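Visitor: Sequence:
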Amino acid sequence: MLLAIDAGNTNVVFALLEGRTVRGRWRIATDPRRTGDEYAVWLMQLLSIRGIEASQISRIIISTVVPRALHNLEILCRHYFNVEPMIAGQGKADYAIDIDVDEPRSLGADRAVNAIAAHAKHEGDLIVVDFGTATTFDVIDFHGAYKGGIIAPGINLSLDALVGNTAKLPRIAIEVPESKSVVGRNTEDQMLIGVFWGYVAMMEGLIARIRAEIGRPAKVIATGGLAVLFDEATDMFDAVDADLTIDGLAILAERAALK
Numbered sequence: 017m018l019l020a021i022d023a024g025n026t027n028v029v030f031a032l033l034e035g036r037t038v039r040g041r042w043r044i045a046t047d048p049r050r051t052g053d054e055y056a057v058w059l060m061q062l063l064s065i066r067g068i069e070a071s072q073i074s075r076i077i078i079s080t081v082v083p084r085a086l087h088n089l090e091i092l093c094r095h096y097f098n099v100e101p102m103i104a105g106q107g108k109a110d111y112a113i114d115i116d117v118d119e120p121r122s123l124g125a126d127r128a129v130n131a132i133a134a135h136a137k138h139e140g141d142l143i144v145v146d147f148g149t150a151t152t153f154d155v156i157d158f159h160g161a162y163k164g165g166i167i168a169p170g171i172n173l174s175l176d177a178l179v180g181n182t183a184k185l186p187r188i189a190i191e192v193p194e195s196k197s198v199v200g201r202n203t204e205d206q207m208l209i210g211v212f213w214g215y216v217a218m219m220e221g222l223i224a225r226i227r228a229e230i231g232r233p234a235k236v237i238a239t240g241g242l243a244v245l246f247d248e249a250t251d252m253f254d255a256v257d258a259d260l261t262i263d264g265l266a267i268l269a270e271r272a273a274l275k
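Residue 142 in our numbering sits at position 126 of the sequence shown, and the numbers go up by one each step.
Worth flagging that the hints you see were computed from the coordinates, not collected in a lab. Take these hints with a grain of salt, some might be off.
[Claimed, not checked] Ranges between beta-carbon positions, derived for each pair:
no., residue 1, residue 2, range
1, G200, G221, 15 to 25 Å
2, D53, I209, 16 to 26 Å
3, T203, D53, 19 to 29 Å
4, I166, V244, 15 to 25 Å
5, V179, A255, 44 to 54 Å
Remember, it's a predicted structure, so these values are computed and weren't measured experimentally. Heads up, the beta-carbon is just placed ideally off N, CA and C, and yes, glycines get one too.
Assemble the whole structure, with the sequences as input and the hints as a guide.
Guide: Structure (structure tokens):
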């Protein structure tokens, strides 16, 4: 089995795969101070619940955008699974794609891995929208080259800034507004309209501008926790793929095994 670890700014996701089939998926809040031992206590219990032994995991691959978290994840792999982990973008797990931007090394591992998975699963020019701590828009051409993208504040970051910098606005949940009206009748509705429909308008506008700049038809692939929520309110996505990053890590691990 393959254990794929995706360490993001908000959560670390652990996914257990047999081939491309996800057998289990667990997440824990990202904390660079969390030790390998602490990860092990948590993860080993979850594996045990599924009836899975550590010895069944023969390969591990890690993708991280939090450099400080990497060392402790490596300790987890070496001490508790007796496996030397592959690191996305390094050694045999090199991305092996054309990163056609001014500073290729600055590209986040999650975005590179998403590009690899999207190109493997879809034909033509692609726009990948990933709803994470930040919302990213990534452009992959029909050859699979990464051409650049956009980084926007995530919707929860936007809401945190709004609530944290005002004296009387309450904390609200992010959800699809019950009414299609964009004229709110109370404070909570007005906030939800501004955050939710404002975010939809931002995404639709940016996607339209990207498509115009590409000059060819481009399929939009959405991933990340809020992709399904926004898919209910707009037709801008051609596909929603919650496992895009995990699939990309699985592809990298498969390629590494052949080198």
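Visitor: Could you tell me whether the CB distance from D53 to I209 stays inside 16 to 26 Å?
Guide: 46 Å Cβ-Cβ, so the 16 to 26 Å window is violated.
Visitor: May I ask you to test the hint 19 to 29 Å on the CB atoms belonging to T203 and D53?
Guide: The hint (19 to 29 Å, Cβ to Cβ) is violated, given that T203 and D53 are roughly 46 Å apart.
Visitor: Look at the Cβ atoms of V179 and A255 and judge whether their distance stays inside 44 to 54 Å.
Guide: Given range 44 to 54 Å: violated, Cβ gap about 33 Å.
Visitor: Starting from the range 15 to 25 Å, see whether the pair I166 and V244 falls in it by beta-carbon distance.
Guide: Holds: the Cβ-Cβ distance is about 21 Å, inside 15 to 25 Å.
Visitor: I want to verify a distance hint. Is the separation of the beta carbons of G200 and G221 within 15 to 25 Å?
Guide: Since the Cβ atoms of G200 and G221 sit about 21 Å apart, the hinted range of 15 to 25 Å holds.
Comparing the model with each earlier hint shows violations of hints 2, 3, 5; every other hint is respected.
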